[in-house]
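Enquirer: Sequence:
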Amino acid sequence: MTTIVKQIKNIFIFQSIRFAVSSGIATASHWFVMAILIVASTTPTVATAVGALIGAIVNYFLQRKITFRSSSANSSTLLSYIAVCIVIWFLNFLFFFIFYQIALLSTVVSQGITTLSVALISYFLYKRIVFNEHQPQSI
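For what it's worth, our numbering labels the leading residue of the sequence shown as 231, then goes sequentially.
It cannot be assumed that every hint is accurate.
[Claimed, not checked] Label-pair ranges, simulated between beta-carbon atoms:
no.: 1; residue 1: Q237; residue 2: I332; range: 44 to 50 Å
no.: 2; residue 1: T272; residue 2: N362; range: 35 to 41 Å
no.: 3; residue 1: A265; residue 2: K239; range: 34 to 40 Å
no.: 4; residue 1: S347; residue 2: T273; range: 17 to 23 Å
no.: 5; residue 1: I296; residue 2: V235; range: 35 to 41 Å
no.: 6; residue 1: I296; residue 2: V339; range: 27 to 33 Å
no.: 7; residue 1: S246; residue 2: V338; range: 31 to 37 Å
no.: 8; residue 1: S305; residue 2: V280; range: 24 to 30 Å
It should be emphasised that the hints constitute simulated quantities derived from the structure, not laboratory data. Ideal Cβ placement from N, Cα and C applies to all residues, glycine included.
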């Protein structure tokens, strides 16, 4: 492998690890809020929608600073992030609705499948649309 290919591979691997950690923290925030709302007698579908919103706020700061190490001004990334989050929020809601309401899976299983699906989609949307800086990144 050439040095450039190795560097690109290393950047992708380390960025993926940072994404997983940052997303894990944001997801924990989402699930924590969701659990509190369910205990407070909120329907699971509404609880996941609110939890996803809180998770998105936590996620922006973590992805911007930790995963993608963006040096762009908030004004240039925040609007793109909000647009992508709207898409992700609807996908989260749609996937959860399908798994929970239609497939009749449990709340935890439905949210688990939804979380994994949305995480994969999120990574590529953040990388291509939100934090797409045309500068080489360090590991």
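Enquirer: Taking the beta carbons of T272 and N362, is their distance inside 35 to 41 Å?
Expert: holds, 36 Å
Enquirer: Is 34 to 40 Å a correct range for the gap between the Cβ atoms of A265 and K239?
Expert: Because 38 Å falls inside the window, the suggested range holds.
Enquirer: Within 35 to 41 Å: is that where the Cβ-Cβ distance between I296 and V235 falls?
Expert: violated, 25 Å
Enquirer: CB of Q237 to CB of I332, is that within 44 to 50 Å?
Expert: Once the Cβ atoms are compared, 45 Å apart, the range 44 to 50 Å for I332 and Q237 holds.
Enquirer: Check the following: the C-beta atoms of S347 and T273 are separated by a distance inside 17 to 23 Å.
Expert: holds, 21 Å
Enquirer: Is 24 to 30 Å respected by the C-beta to C-beta distance linking S305 and V280?
Expert: holds, 27 Å
Enquirer: Regarding S246 and V338, is the given constraint of 31 to 37 Å on their beta-carbon distance met?
Expert: About 25 Å separates the Cβ atoms of S246 and V338, which means 31 to 37 Å is violated.
Enquirer: I296 and V339, beta-carbon distance inside 27 to 33 Å?
Expert: holds, 29 Å
Hint compliance for this structure: hints 5, 7 are not met, and every other hint is.
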